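**Student:** So the protein sequences, as listed, match chains A and B. Using my numbering, read the first sequence as starting at 24 and increasing by one per residue. Using my numbering, read the second sequence as starting at 175 and increasing by one per residue.
No lab work stands behind these hints: they were computed from the structure. None of the values given here were measured: they were computed from a predicted structure. Incorrect hints may have been included.
Below, computed lysine-lysine pairings styled on DSSO-like, alpha-carbon distance capped at 30 Å [to be verified]: (1) A:K273 <-> A:K325; (2) A:K89 <-> B:K243; (3) B:K293 <-> B:K385; (4) A:K89 <-> B:K193; (5) A:K194 <-> A:K89; (6) A:K89 <-> B:K320; (7) B:K435 <-> B:K293; (8) A:K273 <-> A:K335; (9) B:K320 <-> A:K325; (10) B:K193 <-> B:K243; (11) A:K275 <-> A:K335.
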Amino acid sequence: MAIEPLNTPIQPKPTERMPLVPLPYDRLERVSAWGMNTSVCSYVYRPTTIEGVREVFETARTQGRKVALRGSGCSYGDASLLAENISLDLTRMNRILAWSPETGVITVEPGATIRDIWRYVIEDGWWSPVVSGTMMVSLGGALGMNIHGKNNFRVGPIGDHVVEFDLLTPKGEILRCSRTENTELFYTAIGGFGMLGCFVRITLQLKKIYSGHLSVHAFATADLRGLFQEFEARMGVADYLVAWVDCFAKGKALGRSLVHQADYLPKGVDPVPAQTLRVQHQDLPETLFGVIPKSLMWRFLKPLSIRRSIRKVVRLATTKPIDRRTRHLRSYWITYRTGSLSISREVSFSTRVLCRQKRRKPVSQPN
Amino acid sequence: MHLTFGEQIGCLIMPTVWKTAIVVGASSGIGEEITRQLVAQGCTVAIVARRLQELERIAQSLNTGQSAKVLLYPHDVCVYDEVPALFQKITHELGGLDVIIYAAGVMPSVQPSEYAFAKDRQMIEVNLLGAVAWFNEAAQRFERTKAGTIVGISSVAGERGRYPQPVYCTSKAALNAYLEALRNRLGRFGVKVVTIKPGPVATPMTEGLGKLPLLIPVDRAAREIIQSAQRGKANVFIPGIWRWIFLIIRNIPSFVFQKLKF
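Put together the whole structure using the sequences plus the hints.
**Tutor:** This is the structure:
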């Protein structure tokens, strides 16, 4: 730097548009997307009340910052990330405000996860109508993204099951939205990526169930055509359908898959519903074979998670039933009776089903 | 993601890539050249200096593409109160911060028997207190985000209290101590703090000082600074030969050093 005349005594001169009080550094955190491949630095606020959310909006306005709403942060992409701006984390607003076991209508705050909800209601015989691949999603985020489950063809996305919600707009007013009130906002805020405001109260219609178990039917399809045929044939009857496609298959075998169909048990099939509907009954054991802690399992599986072994496993899973030369696709119905499969597991831990089915003999086929 | 062995090794030994940087004191000399080279690497740089005209000149010559690669912020490093808000404004507009480089520095000519407090105060304020004000902000941020690089352009002058420039040496020695302490505080959070100690570099600061030993052009200095900072070195002499020269000078006993006018 060149030498220039000396300064006059120091005068603080705040520049225009600049916030007088900077945002506090203890709010600054590294916020990452679900896959942990992208992360940004944001000022994170975790309010517990509607008043707190309002304050965050007000802070953002005075500071000239934008606000990114964030629930459990389970979006695959960067939907909940906004670098150097305010991240409004709603996970602490997770209270259940009202629950009616007669009608199955529940009112929650947006940070409540689908896991929170089913654990609260399952003993009354109710279940979340839509469950995504992970049950850790917050309901606010689920509604903002209008998520779907593996039963989308039957029941649609989660927005179809919302009775009403309260939306806090950036102006600070709370609007009650339903199919009869503020309808336009109701239909745009569901799946609106949180651009229109923050859900502060959500009322959801749940699904009645009569057992903590599902009946699961697993079978393989030889190719893409077979896969679509199976799906189209079952779309009207199945409650859940999911295909594990062998992405290594090529040529004629393209689309070779393992399909799982799961159905709710009708009333009366489960002889002990009060037992199977218990939360404890839905929890998987912490150990494998009662010995190996599951928290260690990844260490054993990691060396196997290479292309060659994955290819073999997938091939085995998707072709073995056909190789047995039964003319029809080998398939079997199983109703697990003792805690080997339950609804939450079907949805969250489907991989395990595959392993268990191989070990167990097929049981009777219900009609 | 599937990486070959070579790519995996490459990730380990390749120097860090910076996407966003702040250069304080970027209106001339080393700061300007660092800005130019960072922009050439594809980095977005916020340049901070007192003289708006100079900033605009640099921005004009570098902002040739579609998106602005240089954002300019006129600011006097002696106005410390402004720094916290300005720092946040810059990180907001940059959308992140990977590295902060403090290149502001003054060295007014001082006669052997001159004890001008005004000049001394300016040197302490620009060379030391400005750096402290900026790096304190960066340190808080990097500690929270557990990443980042802090680069202080000090000087070989900080190695010994020398005859011609008592307060310049003081300011740089103090800066060295400050940066070392910062490194000890932030190293455990994965933050790199780099002390750069250049010898004479051909910049407006050294103009008219006569023939200087081992004078290097500014582009070479900037290149070496960026390289060593990206590798996260702690103490860097520019050029490297000064490390050995100052190893000797540091060890000259005081009764000999008094006799020298070096």
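**Student:** Going through the numbered hints above, which ones does this structure break? Give me the numbers in ascending order.
**Tutor:** No numbers; nothing is violated.
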